[in-house]
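Asker: If you read the sequence shown in the numbering used here, its first letter stands for residue 351, the second for the next number, and so on.
Accuracy of the hints is not assured; some may be wrong.
Unchecked claim - Calculated pairs, DSS-like style, for lysine-lysine (alpha carbon to alpha carbon, straight line, at most 25 Å):
1. K919 x K935
2. K451 x K857
3. K857 x K773
4. K885 x K969
5. K423 x K785
6. K967 x K1001
7. K769 x K969
8. K935 x K912
9. K1025 x K912
10. K1014 x K851
11. K769 x K885
12. K451 x K374
13. K954 x K1012
14. K374 x K769
15. K773 x K451
16. K633 x K622
17. K862 x K782
18. K473 x K723
19. K407 x K473
20. K919 x K1012
21. K969 x K919
22. K912 x K1014
23. K785 x K857
24. K658 x K480
25. K912 x K950
None of these hints come from the bench; they were simulated from the model. Predicted model only: the values in this text are computed from it and were never measured.
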Amino acid sequence: MQKIRDIILPILLIVTLGVFLQYKYLNEFPAHIHAWSQSDRYALALGFERNNLNFFKPETFVMNHQFPDDFKKQHTTSITSVDFPIHDYIPAVIMKISGNKSPFIFRLYILLFSFLGLFFLYKLAFLFNKNGPLSLLIVIFVATSPIYVYYQAGFIPTIPSISCVIIGLYLYFSNNQQEKTSTYIYSLGFLTIAALSRSTFLIPLVVLGFIDIVTFVFQKKGKKILLKKCTAISISLMVFFAYFLYNGYLRDTYGSIFLNHLMPASSYHEAKELLQMIKDHWKWHYFSKLHYILFALVSITAVIFMIKSRFKSSKVQICFAGFIIVYLVGILLFVVMMLKQFVAHDYYFLDSLFIPIILTLILFSSYIKFSNKKMYMILSFIVLSAITIPLVLNAEKMQSSRRETGDWDRVAKTIENYKGSEKFLDSLQISKTAKMLVIDAYAPNIPLIEMGRKGYAIMTTSRENISNALTWDFNYIVIQNDFFISDIYNQYPEIVTQIKKVGDNGKISVCKLSSDNKNISDFLGLNTQKPVFEKRITFDSIPDTEWSNVTFTIENGSKENKCGYTDPKNEFGITFKSNHLDCLKGTGRILLLTAQLLAKKPVKDCEIICSINEDSKSKYYYSYPLKDIPRNTNEWSSLSLLFYLPAVSSKNYEFALYFWNKGKEQVFYDDITIKIY
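Start from the sequences, fold in the hints, and give me the full structure.
Answerer: In structure tokens form, the structure reads like this:
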């Protein structure tokens, strides 16, 4: 019976929850929230698999690093500095042995490690409260936390580091009663691995060292055992700092794609703003409402029992409370020094405050004393089941909501565009060792992982960055067709005279340096084609009925003839709609939109939308925010946009191209031409 309570039941619960919440996503490529960070870790594992498992030369696919050069300098290698990458290395070993390099291997490894941590969380809780239902409640509390669930089968090393800390703490505090040196050394081993893998977790290791040193100074008995402990923890810290120095060598020699400096708020006022942003953005991602209520109920119940017992505490409880307080002080210092990162990086909460909160919950639970009678146990499990169901349902809902995507999701679009690109490059007989220059990568490793080749990633498509990158040592240039005109050509029009296509699969174009092209039509290969459809409006004559929201004026700033404009009183500007474009039936098409634009001030919230609805459902929707297309104010400038239209198969469809003036701004336009090829 005790075995069922202490081993089988918690394992069954942990595995059931994990499988239910994760089985849909175990084959998923790194995407959605923090796809950048997670794809970097996946790339590390693939790098180890590729470099014959050389642990001390961690590498990804990116040969221009974020730190210290902000991706603006080329390197000759993709080696990067990184915290002790044991949790990237083990999946790589499995990949090497199995020949399977899919994300499934990595995700399953992290998930299994989380199971181990949750099991020892149960043991740690039971060590203090001696209450099965309460200990299971704490496990469920953690296992259904939205943020924990999202990364439970992910790629970042925080989850295995949390597990290592929990295992280490269980061994440490259970050893307080046994005084076994071997158990103490094992506890330090797990805490050291946690700190090496994610440097934030050095804090609990240092805190335990501090406690042992203080104990050594003031305790008269057991000096030999304490000396052994202090020696062991000194060795752990030396191991940590030895790798810290080696990691510094890697960073100085090769650069890094991982952050390695502090990011505190610059002022008290900024800190208040950041904290408010963190609260608004992540509070329901850290925990659900029921989690917060449960924590409050356990805390209040514990206080009641503490008052009844006149705050009587055991030596172990006092030691545990002291550890939590010092640990929390260290964590709060970390939060202060890295506050800017918390706004955009939810997993920093897992790195910092998550464990102290859980340990506090365990401490409170240790003061709650209920009867161990059979009737109470049955009632406890009924209540536990009633609590578990909404927690699990909320966690599952958050799993789905955190994966929501749409046309705004450039990372998802990038993953889709580069899917299958490795075989496409193979078909073009491009060597596996060819160096690729990816312009407009959105997440540096994602395109290169999908292509199965190393190279350079241009993250900000400024004129300076593009022109600089074109001088680097690469073999091929790769561009996403969807974003070429808006994000690359409009920033650096000369690029079309410097490169030519050698392959195009409709989603990405593979190019080489060349001076063959003279203009955009040459580059796109449209100069030899006749448009299958063409429509133009100049506002000097009455347009046909397919144009609507036509407002025009004489703009005397730089142009004397009539032109159209978005009316600040209306949400929509010039619109072209049609349901009889036969050219769209049965085959995909390329739409080239050209226009002249003028704005008296920077445009903040106005977009050009192209959409196709078929059978009352959205078939295609794409938007170009004008704020992302640089131009001088008070000057007419040329605009070119490219849309890759899908084929329509039904007679019941509508094509639309329009200005969506959400910000009710005034933008002037003229010579709008639509060409479909």
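Asker: All the hints need checking, so say for each whether the structure fits it.
Answerer: Hint check results:
1. K919 x K935: Judged against 25 Å, a Cα distance of about 37 Å means the pair is violated.
2. K451 x K857: 24 Å, holds
3. K857 x K773: Satisfied, since the Cα-Cα distance of roughly 14 Å is no more than 25 Å.
4. K885 x K969: Holds, at about 22 Å.
5. K423 x K785: With a Cα-Cα distance of about 15 Å, the restraint between K423 and K785 holds, given a limit of 25 Å.
6. K967 x K1001: 13 Å, holds
7. K769 x K969: The hint holds at about 20 Å.
8. K935 x K912: 35 Å, violated
9. K1025 x K912: Holds - the C-alpha atoms of K912 and K1025 are around 22 Å apart, at most 25 Å.
10. K1014 x K851: The hint is violated at about 40 Å.
11. K769 x K885: 34 Å, violated
12. K451 x K374: 19 Å, holds
13. K954 x K1012: 9 Å, holds
14. K374 x K769: 20 Å, holds
15. K773 x K451: Given pair K773, K451 holds - Cα atoms ~15 Å apart, limit 25 Å.
16. K633 x K622: With Cα atoms ~16 Å apart, K633 and K622 stay inside 25 Å; holds.
17. K862 x K782: 16 Å, holds
18. K473 x K723: Roughly 21 Å between the alpha carbons, so the hint for K473 and K723 holds.
19. K407 x K473: The hint is violated at about 37 Å.
20. K919 x K1012: 10 Å, holds
21. K969 x K919: 30 Å, violated
22. K912 x K1014: 21 Å, holds
23. K785 x K857: It holds: about 20 Å lies between the C-alpha atoms, which stays within 25 Å.
24. K658 x K480: OK: K658 and K480 at ~19 Å, within 25 Å.
25. K912 x K950: Distance of about 17 Å is within 25 Å: holds.
Violated hints, in rising order: 1, 8, 10, 11, 19 and 21; the structure is consistent with all others.
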